[in-house]
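*Asks:* Going line by line, the protein sequences match chains A and B.
All letters in the first sequence, in the order written, are residues 3 to 537 by the working numbering.
All letters in the second sequence, in the order written, are residues 69 to 438 by the working numbering.
Treat each hint with caution, since some may be false.
[What the hints assert, rightly or not] Stretches of chain A that chain B covers, calculated by requiring three or more beta carbons in the stretch to come under 8 Å of a beta carbon on chain B: (1) 90 to 102; (2) 116 to 123; (3) 517 to 523.
What the hints contain is simulated information worked out from the structure, not anything from laboratory work.
This one's a predicted model, so the numbers in the text were calculated from it and none came from an experiment.
Every residue, glycine too, gets a C-beta built ideally from N, C-alpha and C.
So the chains spell out like this:
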Amino acid sequence: MIRFTSTSFRYEAEKPWVLDGVDLVIEEGEFVVVVGPTGVGKSTFLKTLNGLVPTFSGGEYAGEVVVGGRSLSSNRPADMADLVGYVGQNPSASFVTERVEDELAYAMENLGLDPVTMRRRVEDALDVMSLHEIRESPLGELSGGQRQRVAIAAVLAAAPKILVLDEPTSALDPGAAEEVLSALTRLVHDVGLTVIVAEHRLERVLPFADQVIVLEHNGVIHVGPPASMMAHSPIAPPLVELGNLLGWAPLAMSVREARRRVGDVKARLEDRELPTVRPIPEGSALTTSNLTLNYGEQRALKRVTLDFAPGTLYALLGRNGSGKTTLLNVMAGLLRPSHGTALLHGQPPFRMAPSDRIDLVGLVPQDPGDLLYAQEVGEECRTADREHHLEEGSTLEMVQKILGKIELTRHPNDLSEGQRLSLALAVVMAAKPKVLLLDEPTRGLDYCAKLSLIEQLHLLRSEGVCVVVATHDVEFVAQSADQAIVLSQGEVIAQGSAREVICHTPVFAPQVAKVFSPLDWLTVKEVMTALGGKR
Amino acid sequence: MIDDRPHAVAWWLWALGLAVVAVKLSNPVPMVALGAVIFCVGYLRQSPAAWGRSLMLFVKIGAVVILVRLIFQMLFGERIPGHTLFAIPSVALPSWAAGVSIGGPVTAESLITAGIVGLKLALILLAFGAANAIASPRELLRSLPGVFNEIAVAISVGLCFLPELINAVQRVRSARKLRGRPTKGIAGFRGIVVPVLEEALEHSMELALSMGARGFGRTSSTPSRRRSALCGVSAILGVAGLILGTYGLLSAGSSIPNPGVLCGVGAVFLSLGVVASGRRSVRTRYRPIPFGWRSMVCVVSGWLGLVGISILQSSSPDATSYAPYPLVWPTVSVAALACVAVGLVALAVSPRPALRPSGRSKHMAEATSR
């Protein structure tokens with residue numbers, strides 16, 4: 003179906019190759035997962051599959067890619083549209099029309115299909131992605147998860163043979179992600195669709211994969227079946243780490259498989275003590291009582307009563323649109339509650355002057371780039387020092403603690419997702435707020451970047467900062483959080499120690515907890531310590 | 069349910085017809101009646117979607133237009149002699165500014181004349197405002213022939229872009245608040261505009277990419293040179309005919325013979341040219357709304373009145389035009405009112421818009437908080 007013959011590509015001459023002499027064959031009807039650390043060129047690789055690279059990017063290109071019998075050197079991306087469907091990282095930016103139904107028909111209109119076929123395929127696509135209820139809705143009013151599903155359906159409707167998806171589940175809650183992925187698997191099985199997915203949350207996609215492509219920084223690509231490829235992959239989901247720890251060969255790719263093989267280890271773990279829950283320190287950093295917030299007639303938050311202690315890391319979980327972001331915005335003083343109160347050191351945050359507020363509470367929004375204004379990283383750090391009357395260089399020091407070395411002259415927009423997040427975090431922390439709020443910080447981060455983020459947050463926690471993280475990433479919660487709060491339709495439906503909360507809801511349970519259920523082990527590290535380092 | 073709705077093009081043609089009627093009229097009685105007719109139809113048939121709420125906006129703009137016209141007349145208008153209502157202190161201007169006057173006596177005649185001109189403008193605005201509220205311009209764009217596809221897409225993407233921009237501004241504002249930076253004043257303005265524009269640029273690149281990947285701009289074989297030349301000539305002839313014809317129709321006492329026929333021939337040539345060049349695009353349309361008898365009736369109801377008014381204009385000028393010399397009440401002509409009322413027929417052939425279950429507020433939460 004897809005054949006790369008010694009294909010090379012780089013964005014600029016003299017820069018390192020993103021793809022270096024790649025030879026690769028992908029068969030029809032395979033579910034392929036593209037794996038690699040942040041910034042290695044996964045998106046670039048995906049875009050070569052229909053010619054978006056180099057047509058839209060420019061750059062140096064050599065070799066040949068043949069997709070479905072058509073050479074990409076003689077076909078434009080538009081000419082490949084009937085064969086390759088491409089869904090980019092940011093679905094909202096890809097919308098051309100105004101309504102869900104029109105968006106689904108857009109590609110087919112361009113292909114010149116007759117209205118009868120078009121109508122039928124739109125209905126099919128609505129069914130596959132369960133979009134029936136919102137078919138008439140304007141695209142601007144959809145939630146993040148719905149947008150992602152519409153973007154996929156819009157491409158599916160044109161009935162391509164190959165579907166290319168760049169991080170399709172990063173904006174989705176675990177339930178919605180599962181739904182999208184199983185819909186895709188069904189298409190792979192039923193109609194022989196070839197699916198190629200790049201995804202950081204490998205724990206979500208690996209169980210479905212037939213083939214894994216591993217990208218390395220020097221432009222080299224390895225292809226193979228998941229179990230053997232993951233054994234050497236630089237980044238690995240918990241299940242693979244667990245397999246490596248227990249010396250499994252071949253590795254287990256699905257929780258089900260792992261459960262079958264974990265029998266004796268589970269028996270040994272049964273009489274081991276679970277790690278103790280970190281005690282909640284005295285005092286209170288932030289409290290909300292009966293907090294209600296309405297957007298028009300819609301209730302975004304309903305009587306939320308919570309108490310956040312200093313020196314503790316809280317995870318805020320819940321479906322897309324359950325009110326997590328709203329709650330963070332209220333706590334950061336951006337929104338004014340309709341009823342009830344949020345108190346930060348005895349004062350409602352929305353009443354404070356912004357310049358006073360930032361000394362007490364800091365929020366890193368979903369797109370951390372929003373917080374950065376300067377044209378250079380160094381300039382950004384210096385401004386933060388000046389604004390908060392810090393010693394020159396202290397913000398930079400913090401950035402370097404997380405990121406290691408960083409080029410001071412780079413534009414914040416040119417940084418990788420993880421680097422930008424760290425920079426925004428450092429800039430917010432420069433004011434030394436007592437409460438730090440993070441909205442979906444692990445989007446686009448690979449496992450290594452996630453680990454260094456966790457380290458950084460734990461350091462802040464030990465300094466007495468109250469950290470609240472709204473996230474869909476259950477593995478991140480398992481590794482980092484002390485306490486967890488679950489929201490649904492704006493109400494708090496569960497709260498308690500992270501272990502208790504996430505182990506007892508199947509949707510939020512991390513892989514290790516699923517494998518060792520009903521024992522409440524959360525991470526590979528815990529299991530390793532309990533087993534005494536070695537197996 | 070969608071199919072028994074008149075076509076978007078039909079609504080815009082209806083509005084165009086009534087706007088031309090407004091241009092022809094200068095008698096306030098049928099003019100006010102025309103306003104009522106347009107408002108009625110617009111209000112009863114406005115779409116429940118977001119753009120449907122634009123009717124009241126146009127009503128307000130119309131009111132402002134009339135008001136501004138009156139105020140300008142009072143302050144700077146030509147001093148028409150007649151019944152003085154009150155006087156505004158006048159400013160003596162140097163001799164080189166002859167013909168310009170500021171202040172002076174304000175007469176009833178001058179106000180009436182200005183009011184009628186203002187009302188005319190307001191009616192034209194209202195007609196298109198109503199069309200906009202009933203059938204969104206986007207729907208109209210969708211119905212353009214293939215050759216305009218690229219332009220239509222560009223406009224419709226632009227229309228999409230505005231709400232995106234507002235969203236972006238809100239986001240950047242709250243981000244600035246998060247860093248304790250000003251969101252007002254010059255510094256605040258600059259701090260918001262630069263990131264918003266940066267984002268807009270990035271957004272448009274991503275959009276272009278997505279459109280390319282989804283087959284935008286696919287064409288069938290390129291047409292022969294002779295054929296494209298023929299298309300061009302026919303389109304140019306058509307446009308020329310239309311322009312001359314319209315000029316003849318709208319300006320009283322022009323020397324262009326048979327302007328109506330000229331218009332018709334021009335329209336035929338133009339459509340031939342447009343349809344023939346459109347062949348090159350392979351594009352098809354999803355769920356096209358047929359241009360059925362309801363649409364025809366809708367168009368006719370907009371233009372029949374124009375025919376009637378044109379006839380009245382020559383047979384009994386008082387029914388359609390009015391000038392306040394002498395200052396008497398304008399003629400109330402049943403015939404003129406009937407001509408205007410024909411516009412209401414469109415109501416009979418269009419169904420009442422279905423109320424969309426309000427899914428709107430459902431996700432506002434997320435949209436606003438971002």
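*Asks:* So, for every hint listed, does it hold in this structure?
*Replies:* Hint check results:
1. 90 to 102: holds (count 8)
2. 116 to 123: holds (count 4)
3. 517 to 523: violated (count 0)
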